[in-house]
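Protein sequences, first through last, are from chains Y and H.
Counting in the numbering used here, the first sequence runs from 1 upward without gaps.
Counting in the numbering used here, the second sequence runs from 1 upward without gaps.
Worth double-checking, as some hints may not be accurate.
Stated by the list, open to error - Dumping the calculated DSSO-like pairs for lysine-lysine here, alpha-carbon to alpha-carbon at most 27 Å:
#1 Y:K228 <-> H:K189
#2 Y:K77 <-> Y:K5
#3 H:K210 <-> H:K23
#4 H:K189 <-> H:K5
#5 Y:K41 <-> H:K210
#6 H:K228 <-> Y:K228
#7 H:K189 <-> Y:K189
#8 H:K77 <-> H:K130
I should point out that these hints are in silico values taken from the structure, not numbers from a laboratory.
Protein chains: 2
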Amino acid sequence: MLDIKVEMTKTPKELPSADNPLKFGTIFTDHMFIMNYEEGKGWINPRVVPYQPISLEPSAMVFHYGQEMFEGLKAYKTEDGRTLLFRPNKNAERTNRTNRRICIPEIPIEDFVQAVKTVVKIDEAWIPTKPGTSLYIRPFIIATDPFLGVRPSHSYMFMIILSPVGPYYPEGLNPVKIWIEDEYVRAVKGGIGEAKTGGNYVASLRSQVKAHDEGYSQVMWLDGVDRKYIEEVGAMNIFFKINGTLITPLLTGSILPGVTRDSVIQVCKEWGLAVEERRISIDEIYEAYQNGTLEEVFGTGTAAVISPVGGLRWGDQIMQVQDGGIGPVSQKLYDTLTGIQLGRIEDTHNWTVEV
Amino acid sequence: MLDIKVEMTKTPKELPSADNPLKFGTIFTDHMFIMNYEEGKGWINPRVVPYQPISLEPSAMVFHYGQEMFEGLKAYKTEDGRTLLFRPNKNAERTNRTNRRICIPEIPIEDFVQAVKTVVKIDEAWIPTKPGTSLYIRPFIIATDPFLGVRPSHSYMFMIILSPVGPYYPEGLNPVKIWIEDEYVRAVKGGIGEAKTGGNYVASLRSQVKAHDEGYSQVMWLDGVDRKYIEEVGAMNIFFKINGTLITPLLTGSILPGVTRDSVIQVCKEWGLAVEERRISIDEIYEAYQNGTLEEVFGTGTAAVISPVGGLRWGDQIMQVQDGGIGPVSQKLYDTLTGIQLGRIEDTHNWTVEV
Ligand SMILES: Cc1ncc(COP(=O)(O)O)c(C=O)c1O
Ligand SMILES: Cc1ncc(COP(=O)(O)O)c(C=O)c1O
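One chain only, chain Y, in its complex shape (with noise of 0.2 Å):
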């Protein structure tokens, strides 16, 4: 258990008006989780402080380096006023997991969620209500060392952010269309593409930028050695439904493990869809789309819980799928997902915690 000192804000800011459409990742609430790490001592000092400005010597590692890992959660008001969060240990698990390949000292498990609980808790009159809102959660790691070389850091700040944001794609559950990237990769096996650090998104931009350009609101990754097993989304798993069965990409070590991606493969089993997990090639799509058995494609992520893909464009060929609408698995995933992140529908793999 940590010992969190609290110190709460003198200023609180005005909480944003019901009708705030809560543009993503741009407001943020009064109060921020903060902790340090340093050799020797271990992660020391964890508290809860006024939202504000961090201030680090020009020479911190993390400028230069890259040694900086985050993650991404929701918190949920439901119906009866509770405060339910998703599978948090997810998120503590796989923050240790990065931390480990980017030699980052770990977190125990309880003290992360525990430190989330506490700041959520502190600035629960910010999480939103209206239907497809909700209180974003940032945890992330920087390393603080002020110090010019290549090597792991011996001091961190260990964070959480929070910001109520409203449906990750103002139309609401509204069909994406993707761009496959052929010339640009964003992570090969071996590297840190199964990490959440910020090199992984940083390689990403270009690419995006490009497909922004050609009104493609999303860019799907191909692995970095064959140029042809596809690999994921942006920030999204995907999900392909073949001729009756759901596929998705392999965890490799070049993509991230995602959670949605995990509860998604255990709904469906449960369902009694066929689900596969295995390498699978822009080449079996193509061909899939071509005689029709490309039923259903959708993304999965923490932002939109499910995008279904409306079409893909992959050089020349652009392929529609469910004619740009929504498919009825896609539907029905965010529908339970939602309703159980919402205390709608039974949690009957206690997936939610109550903060």
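With chain Y's structure known, arrange chain H with the ligands on it following the hints.
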């Protein structure tokens, strides 16, 4: 021409004494350069201010999505008291190459060089003069938008900090032992390997820790596709002299185009040495080692200029080079390049730039 405002420190620090060993990257001078970027305004407000911490929102994009880049070059004091930079235009050009890859707005070459010259001039007294010492110059750019979500930032800070440094290897020009990594990958074609951005360095940490634990000071990377072609070493490019010919990996997008690498190629060609830029596999190196034609191996980089390699470890194989000593080409290159940098040898290429 930038109109650079200067605010001098009122509390100058004590200069390091002449027998301070100047551990690399730990001491910083009295001033730093800052310039901001704002969308619609471009790069604005260039200034030199006292060296001080910077204050950022916890949501600043650099902490989350790794949109950051850096450069590294050095200023040297000549025996007749002049201050020389070595090919600063190359660092300015590489900055923009990095920036294009990771969607940071470019900086005009002449502005970059002017900024470097200005801040170096102001802290000229900090340039150490003992053999092997210099003033390390670290320009870097960070994304500052307070925003959670993956897209290029709309605001940035470009900064230059300065650090007086001793020889990179405290023991002087001493052969290093190199660990050839066959499990992890640093970068892959199509990725960000040729950009000087944090994501490449964080990817290297785990291997580096492993190598250190085994008594090796540096890691040599193999390519991410075939896992057998030589890429580069930690913070150096790499050269092999096999049977009289110098061979260095071709720039194929996954390795940094080093300024020292480029200088070495030019100088060696002028000396009449055969130089090949091409793919070279670890098997070819091993074969050359076995048949006695692996004559020299050395790394090239700003920090150590030339690093003779005395030994390589590849799985269970240990290859000793030059009986673990310094080869004649390595020594001659070191003497020549540092000679030019220190103004002792005629600079026929116009590589040095006086501050
Ligand atoms: C690269 C990437 N892949 C997949 C996901 C989906 O993971 P999760 O379902 O845990 O949100 C995310 C977002 O978190 C991501 O950033
Ligand atoms: C990854 C990497 N490769 C090579 C180099 C050598 O480049 P340069 O000679 O420009 O210093 C560096 C250092 O700058 C580096 O970080």
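Here is how each hint holds up against the structure:
1. At roughly 14 Å between alpha-carbon atoms, Y:K228 and H:K189 fall within 27 Å of each other, so this suggested pair holds.
2. This hinted pair checks out: Y:K77 and Y:K5 have alpha carbons roughly 25 Å apart, not beyond 27 Å.
3. Our distance criterion of 27 Å between C-alpha atoms is met by H:K210 and H:K23, whose separation comes to about 23 Å.
4. Taking the CA atoms of H:K189 and H:K5, the gap is near 42 Å; set against the 27 Å cutoff, the hint is violated.
5. Of the supplied pair hints, the one linking Y:K41 and H:K210 holds, its CA atoms being roughly 23 Å apart against a limit of 27 Å.
6. Between H:K228 and Y:K228 the CA atoms are separated by roughly 21 Å; this keeps the pair inside 27 Å, and the hint holds.
7. Pair hint H:K189 plus Y:K189 holds up; C-alpha atoms about 13 Å apart against a cutoff of 27 Å.
8. The hinted pair formed by H:K77 and H:K130 meets the criterion: a straight-line CA distance of about 9 Å does not exceed 27 Å.
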